[in-house]
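Residues per chain are reported as follows:
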Amino acid sequence: MTFATAALLIAEAAPPKLEDVAKAVADNTSSINMVWTLVAGFLVMFMQAGFAMVETGFTRAKNAAHTVSMNFMVYGVAMLAYWVLGFALQAGGVGPLSTLGGYDQMNRLFTVHLAGHDWGLFGMRGFFLTGVAYNASVFAYFLFQMVFMDTTATIPTGALAERWKFSAFCMFSLFVGGIIYPVFANWGWGGGWLSALGSNLGLGNGYVDFAGSGVVHLTGGTIALTTCWLLGARRGKFNKDGSPNAIPGHDIPMAMYGTFILCFGWFGFNAGSTLAGGDSRIGVIATNTMLAGAAGGISAMVYVWSKFGKPDPSMLANGTLAGLVAITAPCAFVSAPSAVIIGLVAGVLVCVAVSFVERKLKLDDPVGAISVHGFNGAWGLLSVGLFADGTYGAGLNGVTGNVAGLFHGNPGQLAAQCIGIVANLLWVGASSFAAWKIVGLVTDGHRVSAEVEEMGLDTPEMGVPAYPEQEGAPAAAPALQKVVA
Amino acid sequence: MKLVKAVIKPFKIDAVKEALSEVGTTGLTLTEVKGMGRQKGHTELYRGAEYTVDLLPKIKLEIVVADELVGRVVEAIMSAARTGSVGDGKIFILPVEEAIRVRTGERGETAV
Numbered sequence: 001m002t003f004a005t006a007a008l009l010i011a012e013a014a015p016p017k018l019e020d021v022a023k024a025v026a027d028n029t030s031s032i033n034m035v036w037t038l039v040a041g042f043l044v045m046f047m048q049a050g051f052a053m054v055e056t057g058f059t060r061a062k063n064a065a066h067t068v069s070m071n072f073m074v075y076g077v078a079m080l081a082y083w084v085l086g087f088a089l090q091a092g093g094v095g096p097l098s099t100l101g102g103y104d105q106m107n108r109l110f111t112v113h114l115a116g117h118d119w120g121l122f123g124m125r126g127f128f129l130t131g132v133a134y135n136a137s138v139f140a141y142f143l144f145q146m147v148f149m150d151t152t153a154t155i156p157t158g159a160l161a162e163r164w165k166f167s168a169f170c171m172f173s174l175f176v177g178g179i180i181y182p183v184f185a186n187w188g189w190g191g192g193w194l195s196a197l198g199s200n201l202g203l204g205n206g207y208v209d210f211a212g213s214g215v216v217h218l219t220g221g222t223i224a225l226t227t228c229w230l231l232g233a234r235r236g237k238f239n240k241d242g243s244p245n246a247i248p249g250h251d252i253p254m255a256m257y258g259t260f261i262l263c264f265g266w267f268g269f270n271a272g273s274t275l276a277g278g279d280s281r282i283g284v285i286a287t288n289t290m291l292a293g294a295a296g297g298i299s300a301m302v303y304v305w306s307k308f309g310k311p312d313p314s315m316l317a318n319g320t321l322a323g324l325v326a327i328t329a330p331c332a333f334v335s336a337p338s339a340v341i342i343g344l345v346a347g348v349l350v351c352v353a354v355s356f357v358e359r360k361l362k363l364d365d366p367v368g369a370i371s372v373h374g375f376n377g378a379w380g381l382l383s384v385g386l387f388a389d390g391t392y393g394a395g396l397n398g399v400t401g402n403v404a405g406l407f408h409g410n411p412g413q414l415a416a417q418c419i420g421i422v423a424n425l426l427w428v429g430a431s432s433f434a435a436w437k438i439v440g441l442v443t444d445g446h447r448v449s450a451e452v453e454e455m456g457l458d459t460p461e462m463g464v465p466a467y468p469e470q471e472g473a474p475a476a477a478p479a480l481q482k483v484v485a
Numbered sequence: 001m002k003l004v005k006a007v008i009k010p011f012k013i014d015a016v017k018e019a020l021s022e023v024g025t026t027g028l029t030l031t032e033v034k035g036m037g038r039q040k041g042h043t044e045l046y047r048g049a050e051y052t053v054d055l056l057p058k059i060k061l062e063i064v065v066a067d068e069l070v071g072r073v074v075e076a077i078m079s080a081a082r083t084g085s086v087g088d089g090k091i092f093i094l095p096v097e098e099a100i101r102v103r104t105g106e107r108g109e110t111a112v
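Each protein sequence line maps, in turn, to chains A and B. For the first sequence, our numbering begins at 1 and goes up steadily by one. For the second sequence, our numbering begins at 1 and goes up steadily by one.
Please keep in mind that the hints were generated in silico from the structure rather than gathered at the bench. Ideal Cβ placement from N, Cα and C applies to all residues, glycine included. Mixed in with the good hints, there may be bad ones.
[To be verified] Simulated DEER-style distance windows between Cβ atoms:
1) A:Leu38 with B:Glu32: 45 to 55 angstroms
2) B:Asp54 with A:Gly463: 27 to 37 angstroms
3) B:Gln39 with A:Pro411: 53 to 63 angstroms
4) B:His42 with A:Glu469: 57 to 67 angstroms
5) B:Leu30 with A:Pro311: 50 to 60 angstroms
6) B:Glu32 with A:Val84: 47 to 57 angstroms
7) A:Gln470 with B:Met36: 22 to 32 angstroms
8) B:Thr83 with A:Leu230: 42 to 52 angstroms
9) B:His42 with A:Gly283: 46 to 56 angstroms
10) A:Met73 with B:Leu3: 49 to 59 angstroms
11) A:Pro468 with B:Gly37: 29 to 39 angstroms
12) B:Gln39 with A:Ser306: 22 to 32 angstroms
13) A:Gly463 with B:Glu50: 28 to 38 angstroms
14) B:Glu75 with A:Pro248: 33 to 43 angstroms
Make the full structure from the sequences, and use the hints.
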């Protein structure tokens, strides 16, 4: 075919209409965004493996099968509670999913009218992902939001490890996935009252929490704080005079590999939270994320090395995670130097918090979950209100301007962030306290017996030790012995 | 005959074996043990909380030798196992009543 005939063929076809081109472009953008959101969600799902390795490595060998099983089952248990109830409470009133094709049927928000404004409390559509929720955009949105919720649900398992009944853990996780997390997530991300602080009261862009320093990590940290206090310390953790004893974890390398997996998954966590692969800001977000994590690890190393004489690997891991937790809220709104500063502060904060939780609060948190996720989740929220530089976020939460913090002339944003922290502590603290008490009635308390704790939870609770051939490992469960004999 | 028992730092075992073979000992028995001396171990910090490592890993050597070799054996172990810092270990010398080779039934120094 000559060039002339080819040109003739094109000329003979009807010229494409402008609206057809526009529709094709929009469809392509939605598809790119959907693929990006799903792939990022898959990365976040893989963080469950990281959490499992960190928490199991930081606990003792005699509880390893129990600890890793909690991390394993929280994925499915909390997910189904979220599918039945949680997702609808969180996202039932979220409105149009603008980056995922604009589907707008998730539109029922329970609101109260107060001081001349409507304030959302929870959503009411999408139970069981049926009805109007049976839609590809909504399903993709569910997957992405579900893996975030599961991150929260797996945080307390570390703080309560080595003494929490498995049955109580299973039931409690239903509450985390079904109610505790989703209600706060609605307030921050589902059109709820915290996100309306900007449009209703003029406080910056309202509560801004890009990928969940507050919604995910502070929530997990507050649950961990409340329940760790209710459950009490492991046997032998504190002496009679209240001084703490060290209980070293059994597999530091595993905990460090797990931390690396979390660093990897965090790219999905933060950059995926655009819900849009077509948003070039993902370049800024991903880079800020890696910078803050590195800075947290380094400042924690310098701090513990100078204070205690050696760079304790468990604190290197905690410091890196603290930097990642802290940058999660501000990652889209800050410059690279700000990201590094946020991470450096986080790395020191987590070390100070570990000592504070142990020596002042007298709480026994084997993996540092309260310090990493609670303290640094709050720090991440505050850092949006301090460092956001007004280069991104226009239109967020229905406010036209970009997100700017105190250092860029907007104290209102910092106020909104503080309200978010207080609201989180109150709601999550109270609801996890209530859920804890309800579960305790059903499971006859949350705590294993002193005898079980002493011999390790693996065999009495799970029926099999993690490392049966290890010297001193308890014998397999009596029931198993009977079958073999 | 004497039984020489030496508790030494694990990383010194190769040097001690070499020194003993130069003296001309014919065999040895080695056990991995844990123990403490006057320092009663030492303390470490984990996540800012102190813990004590009181029983440290050591190697225990047992060698049966003819009386006239004891001095040189002790000298060999001491020079090979010494680092000069605490925890270098101890040597104990005990009399041996009899030695019997299981395979042949030989008795006395020829059985060692």
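Taking the hints in turn, this is what the structure says about them:
1. A:Leu38 with B:Glu32: 45 to 55 angstroms: With a Cβ separation near 53 angstroms, A:Leu38 and B:Glu32 satisfy 45 to 55 angstroms, so the hint holds.
2. B:Asp54 with A:Gly463: 27 to 37 angstroms: Holds, at about 34 angstroms.
3. B:Gln39 with A:Pro411: 53 to 63 angstroms: For B:Gln39 and A:Pro411 the Cβ distance comes to about 58 angstroms; the hint holds.
4. B:His42 with A:Glu469: 57 to 67 angstroms: violated (30 angstroms)
5. B:Leu30 with A:Pro311: 50 to 60 angstroms: violated (35 angstroms)
6. B:Glu32 with A:Val84: 47 to 57 angstroms: Distance hint for B:Glu32, A:Val84 holds at roughly 55 angstroms.
7. A:Gln470 with B:Met36: 22 to 32 angstroms: Roughly 24 angstroms apart at Cβ, these two residues keep to the hinted range, so it holds.
8. B:Thr83 with A:Leu230: 42 to 52 angstroms: holds (51 angstroms)
9. B:His42 with A:Gly283: 46 to 56 angstroms: holds (50 angstroms)
10. A:Met73 with B:Leu3: 49 to 59 angstroms: holds (57 angstroms)
11. A:Pro468 with B:Gly37: 29 to 39 angstroms: For B:Gly37 against A:Pro468, whose Cβ atoms are near 35 angstroms apart, the range 29 to 39 angstroms holds.
12. B:Gln39 with A:Ser306: 22 to 32 angstroms: Between B:Gln39 and A:Ser306, where Cβ atoms are some 26 angstroms apart, the hint holds.
13. A:Gly463 with B:Glu50: 28 to 38 angstroms: holds (36 angstroms)
14. B:Glu75 with A:Pro248: 33 to 43 angstroms: holds (40 angstroms)
Violated hints, in rising order: 4, 5; the structure is consistent with all others.
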